[in-house]
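So the sequence lines, in the order shown, correspond to chains A and B. 22 is the number that this note's numbering gives to position 22 of the first sequence; each next residue is one higher, with no gaps. 113 is the number that this note's numbering gives to position 113 of the second sequence; each next residue is one higher, with no gaps.
Derived by calculation from the structure, the hints in this document are not laboratory data. Owing to the predicted nature of the structure, the values given are computational and were not obtained by experimental measurement. Incorrect hints may have been included.
[Stated by the list, open to error] Quick list of the computed label-pair ranges, beta carbon to beta carbon: (1) 40/B - 28/A: 49 to 55 angstroms; (2) 183/A - 16/B: 36 to 42 angstroms; (3) 7/B - 168/A: 56 to 62 angstroms; (4) 96/B - 39/A: 29 to 35 angstroms; (5) 183/A - 105/B: 55 to 61 angstroms; (6) 34/B - 132/A: 27 to 33 angstroms; (7) 236/A - 18/B: 19 to 25 angstroms; (8) 138/A - 25/B: 25 to 31 angstroms.
[Claimed, not checked] Examples of chain A residues lying across from chain B (beta carbon under 10 angstroms, computed): (9) 14; (10) 29; (11) 51; (12) 72; (13) 73; (14) 97; (15) 105; (16) 118; (17) 121.
[Unchecked claim] A partial selection of chain B residues facing chain A, derived with a Cβ cut-off under 8 angstroms: (18) 32; (19) 52; (20) 56.
We put the beta carbon where it would ideally sit given N, CA and C, even for glycine.
One letter stands for each residue in the lines below.
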Amino acid sequence: MNRIKASPERVMAELAGRGIRVERSHPDFPELLAAVGLEAPGRLPAHFRGDIHAQALTSCLCGRLLSPPVGGLVLDMCAAPGGKTTHMADLMENQGMLVANEPSQPRQSALSGNLSRLGVLNTVITAYQAQQFPMRQRFDHILADVPCSGEGGIRGEGLYREWAEAPPSLLDLQRKILVRGFDLLTPGGVMLYSTCTYAPEENEAALHHLLTTRDRVDVLPLEPGLPYEPGVTSWNGSRYDQRVQKSVRLYPHRVDSVGFFMAFIRRKSG
Amino acid sequence: MLLAYLEKRFGIAGTLFRQYLFFKRSKGWRILRASEHLEKGVCRLKVSVVGIPAFHRVGAFIKPSTRFIQIFGVYASRARLELTTEELQRLLSGREIESNLPDEDGYVVLFHQGSPLGLGLLLKGRLRSQLPKDMRTSPRIHQKGLLSNK
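Only chain B is shown next, with the shape it has when bound in the complex (with noise of 0.2 angstroms):
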């Protein structure tokens, strides 16, 4: 079902994924490298986390995380949207910016000067941002120093 998703969605390869382990949790999974230290003895021990978070349920609904698309969101080729950094600011400050995206409704890979920073969400020609708060709130980040190159 994960991998499916990603596949239809942004056209990440499942394949890309043979080697790690998905965990389903309560509130979602959590992606972990596989290793034969984990079958070896790693496994008797009581773990508390495992790798760190690939996807959260939201309703009915599976959104990637924001940390797993920095690291898989560079193999999407499709519902990727490399931003300015004017529509970066103003997703930021919490506003929508108007987008072309051939793509349905639905998540988006956003990148800024070429990496992936996380999700936002198309509806309707218009993308909003799904970046964690604290990217969303922090002061340095707002100013134009910081996100141009001088």
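Next up, chain A with everything else stripped away, as it sits in the complex (with noise of 0.2 angstroms):
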């Protein structure tokens, strides 16, 4: 539920009266509501009106568990297509600014479709690649939504047969875009590193490659409310830093939504 545009209480009255169960998806955070049995939710007023946004429980989370303050200056390395950007604005409470980046021209379409329809007015889109996003602007907070294989979203045999590993050049780019991240934060700012894959070698491989590759790394432990299993420290016969046994996995099957890695970062000040 976008609350820049909707009250809780608004939502939750429309679609119950159309005979739709809500119900809270996360004893937490009262945005986050779960439509029982819907189907195509984009069809509804309430979606036009940027009353709602359709996403999973755990891509939600992102935001959350980042909790960019209201006022702050926040990046979305790799933005598109909004949902993560969008509910960050509301937790934001539409102020401060975010810059969302996202290089590629037709997801920015999308980008930018959904930040207008949800109301955000604290945004603005840049288009560089993630990795070689300039220096000379630091933050305070970054999400790293980085691209990834996707076996998150595995739930079927259909999706199955499409899956395929990871190729080098992705697991370069994600590591380049987390130490890039890294890289731009303030002394003491904070990031969020997420994928919805389980590959270790996309997840705690990349969080071993930053630990290693940089001082002042912090990793910061992370209680997203809902079961998981903390990262794993070694892999295929290659071990990582115990500090990756901070950061968590979400598996669909003990949260009935998308599987999700994530990894909670801190630049030590001083």
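Fit chain to chain and form the complex, with the hints in mind.
In structure tokens:
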């Protein structure tokens, strides 16, 4: 639910009035609702008005765990199509400044469309390659929801047939984005690194790469409020820095949502 | 010019926009909330898109965008109309409705169930929709079950 435009009470009353059962999907976050059995939410008047946006519960956690402050300065490094961006704008109460970065022109159109529909007035869009985002502007809060192999979305046989392992170029890109994101942090600034895949090569290995190539990296604990597993410290013959255990793995069979990996990183002050 | 138009046509006070910036583009204007971060550093980035569309140029005229009206239309004190569900369905299907609004010909903020949806165009006592085409053609929108409360 988009609180920039709608009140929780109005949205719930409208959906309930149309026979759509609505319930809280997370005990701590009132804007996250589950509409049981609803098909095609994008065709509802509430969607057109910008009162609601359909997104996986685990995707919504990214904004909540990064916790961008009202009035703050935030960078979303890989923003399109804008579900997490617009959620963060909601959490920022449409104040401060959010820089939504997306280099792909078609994806920028989708991003821009969602920003408009949801009434987001605190956001500008840039088109840098995320791994080359200019160093002249630093940020206190950064979301690096990087391109990935998308294993977390595989919940049926049909999708499985299309899945392929992440190529080395993707692994390289993810690491570069993560490192650039860290370099863009102000002292004391925080970044959430996330993927919707289980592959340790794309998750813990990327985090390990950051930990072994940069100083002043803190990995902070996360509490998603849903069942999770800690990051793995070894995989396929590779061993990772012990600090990766503070990252979280969310599995569909435990949270009934898209699988995700998240790591919360802080640049030490001083 | 933009704020004067909003005040004159809709009664939307210009002071409402003290915290916002308008950016002129070839096809119209966009609106962004002012922030100290813009001046302190974000202005040094190469920005592709700013905020959301606020006004479009329509020939010699300006038209507030649907999304702008959905945010600020609630402040309109004139040239506004609360539609019944039947009236909204009629407009969405491409037909006109009769209107007794006292306002001069021009744009009107359309409300439904208390929420501003966008604009209609009032011409000689008849109102036609200026809502986006994708809203007009969506079949689910037209189903009474979705536009009316059970």
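Verification of the hints:
1. Take residue 40/B and residue 28/A: their Cβ atoms lie about 33 angstroms apart, and the range 49 to 55 angstroms is violated.
2. The given range of 36 to 42 angstroms is respected by residue 183/A and residue 16/B, whose C-beta atoms sit roughly 40 angstroms from each other.
3. For residue 7/B paired with residue 168/A, a C-beta distance near 60 angstroms keeps the hint of 56 to 62 angstroms intact.
4. The hinted range of 29 to 35 angstroms is satisfied by residue 96/B and residue 39/A, whose Cβ atoms lie roughly 33 angstroms apart.
5. The hinted range of 55 to 61 angstroms is satisfied by residue 183/A and residue 105/B, whose Cβ atoms lie roughly 58 angstroms apart.
6. At roughly 29 angstroms, the beta-carbon separation of residue 34/B and residue 132/A lies within the given 27 to 33 angstroms, and the hint holds.
7. For residue 236/A and residue 18/B, the Cβ-Cβ distance of about 58 angstroms falls outside the hinted range of 19 to 25 angstroms, so the restraint is violated.
8. Here the CB-CB span from residue 138/A to residue 25/B is close to 29 angstroms, well matched to the stated 25 to 31 angstroms.
9. At a threshold of 10 angstroms, the smallest CB-CB gap from residue 14/A to chain B is about 8 angstroms, leaving the interface hint in force.
10. Taken as an interface hint, residue 29/A does not check out: its beta carbon lies about 24 angstroms from the nearest beta carbon of chain B, beyond 10 angstroms.
11. Taking 10 angstroms as the C-beta cut-off, the interface hint given for residue 51/A holds, the closest approach to chain B being about 8 angstroms.
12. For the restraint placing residue 72/A at the interface with chain B, the shortest Cβ-Cβ distance is roughly 8 angstroms, inside the 10 angstroms limit, so the hint holds.
13. Satisfaction of the interface hint for residue 73/A is found here, the shortest Cβ-Cβ separation to chain B being roughly 4 angstroms, below the 10 angstroms cut-off.
14. Evaluation of the residue 97/A hint against chain B yields a held restraint, the C-beta minimum of about 4 angstroms falling below 10 angstroms.
15. Taken as an interface hint, residue 105/A checks out: its beta carbon lies about 9 angstroms from the nearest beta carbon of chain B, inside 10 angstroms.
16. Proximity of residue 118/A to chain B holds as hinted, the smallest CB-CB distance being about 9 angstroms (cut-off 10 angstroms).
17. At a threshold of 10 angstroms, the smallest CB-CB gap from residue 121/A to chain B is about 4 angstroms, leaving the interface hint in force.
18. Given the 8 angstroms rule on beta carbons, the hint for residue 32/B holds: about 6 angstroms separates it from the nearest Cβ of chain A.
19. Checking residue 52/B against chain A: minimum C-beta separation of about 4 angstroms stays under 8 angstroms; hint holds.
20. Residue-level restraint check for residue 56/B is violated (minimum Cβ-Cβ distance to chain A is 12 angstroms; threshold 8 angstroms).
When held up to the earlier numbered hints, the structure conflicts with 1, 7, 10, 20 and fits the remainder.
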